[in-house]
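> Sequence:
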Amino acid sequence: MSARGRPGVYYEEIIAAPWPFVAALVVCGVGIPAAAALLPSGEGSESQPPAFLVALAGPLFIALALIFSRLHLTVEETRLVVAFGPLGKAVPLEAIVSCEPRLMGRAAAWSWGIHLHRCGTWLWSAPVKGGTAVFLQL
754 MSARGRPGVY YEEIIAAPWP FVAALVVCGV GIPAAAALLP SGEGSESQPP
804 AFLVALAGPL FIALALIFSR LHLTVEETRL VVAFGPLGKA VPLEAIVSCE
854 PRLMGRAAAW SWGIHLHRCG TWLWSAPVKG GTAVFLQL
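Per my numbering, the very first residue in the sequence shown carries number 754; after that it's consecutive.
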């Protein structure tokens, strides 16, 4: 059995980010350099940020929009892979003690990205309908 014709892949899903999330990052990527260009400049003006920071802000926000626009979940023969673009985590299947669905609170159900959870573990999340998440105990 394989997903999408790839041998050794049993399950594969891609969860796309809500368009407002991606749009907000793109707007920041375009808006920050544009707003900085409108700030007063000249000698004696300390209100303008350094030019290299302004130059980096646009591409940084655009890159974040591209990287975090899709969460990839893949179950392979020996591991579970969770990834946002090139940022990923592979967990050996034998390291998983249990796996269960859990109902998440409203804030957690609409979160997106990689977060440090209050219990000290990393949470890789994407918003899902109904607020149900898969909880893995390692």
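Derived by calculation from the structure, the hints in this document are not laboratory data. Each hint should be verified, as a subset may be incorrect.
To be verified - Simulated crosslink set (SDA-like; lysine to any residue; CA at most 25 Å straight-line):
id: 1; residue 1: Lys842; residue 2: Ser822
id: 2; residue 1: Lys842; residue 2: Leu813
id: 3; residue 1: Lys842; residue 2: Arg855
id: 4; residue 1: Lys842; residue 2: Arg832
id: 5; residue 1: Lys842; residue 2: Ile815
id: 6; residue 1: Lys842; residue 2: Ser864
id: 7; residue 1: Lys842; residue 2: Val780
id: 8; residue 1: Lys842; residue 2: Leu856
id: 9; residue 1: Lys842; residue 2: Gly873
id: 10; residue 1: Lys842; residue 2: Leu876
id: 11; residue 1: Lys842; residue 2: Pro760
id: 12; residue 1: Lys842; residue 2: Arg823
id: 13; residue 1: Lys842; residue 2: Glu853
id: 14; residue 1: Lys842; residue 2: Ala790
id: 15; residue 1: Lys842; residue 2: Val783
id: 16; residue 1: Lys842; residue 2: Ala788
id: 17; residue 1: Lys842; residue 2: Ala789
id: 18; residue 1: Lys842; residue 2: Ala808
id: 19; residue 1: Lys842; residue 2: Pro854
id: 20; residue 1: Lys842; residue 2: Ile820
id: 21; residue 1: Lys842; residue 2: Leu791
id: 22; residue 1: Lys842; residue 2: Val807
id: 23; residue 1: Lys842; residue 2: Cys872
id: 24; residue 1: Lys842; residue 2: Thr831
id: 25; residue 1: Lys842; residue 2: Pro786
id: 26; residue 1: Lys842; residue 2: Ala787
id: 27; residue 1: Lys842; residue 2: Val887
The structure presented is a predicted model; accordingly, all values stated were derived computationally and were not measured.
> Next step is simple, just say for each hint if it's right about the structure.
Results of checking the hints against the structure:
no., hint, in the structure
1, Lys842 x Ser822, "17 Å, holds"
2, Lys842 x Leu813, "22 Å, holds"
3, Lys842 x Arg855, "21 Å, holds"
4, Lys842 x Arg832, "10 Å, holds"
5, Lys842 x Ile815, "23 Å, holds"
6, Lys842 x Ser864, "18 Å, holds"
7, Lys842 x Val780, "29 Å, violated"
8, Lys842 x Leu856, "23 Å, holds"
9, Lys842 x Gly873, "16 Å, holds"
10, Lys842 x Leu876, "11 Å, holds"
11, Lys842 x Pro760, "20 Å, holds"
12, Lys842 x Arg823, "14 Å, holds"
13, Lys842 x Glu853, "19 Å, holds"
14, Lys842 x Ala790, "39 Å, violated"
15, Lys842 x Val783, "31 Å, violated"
16, Lys842 x Ala788, "37 Å, violated"
17, Lys842 x Ala789, "36 Å, violated"
18, Lys842 x Ala808, "31 Å, violated"
19, Lys842 x Pro854, "20 Å, holds"
20, Lys842 x Ile820, "14 Å, holds"
21, Lys842 x Leu791, "41 Å, violated"
22, Lys842 x Val807, "31 Å, violated"
23, Lys842 x Cys872, "19 Å, holds"
24, Lys842 x Thr831, "13 Å, holds"
25, Lys842 x Pro786, "33 Å, violated"
26, Lys842 x Ala787, "36 Å, violated"
27, Lys842 x Val887, "16 Å, holds"
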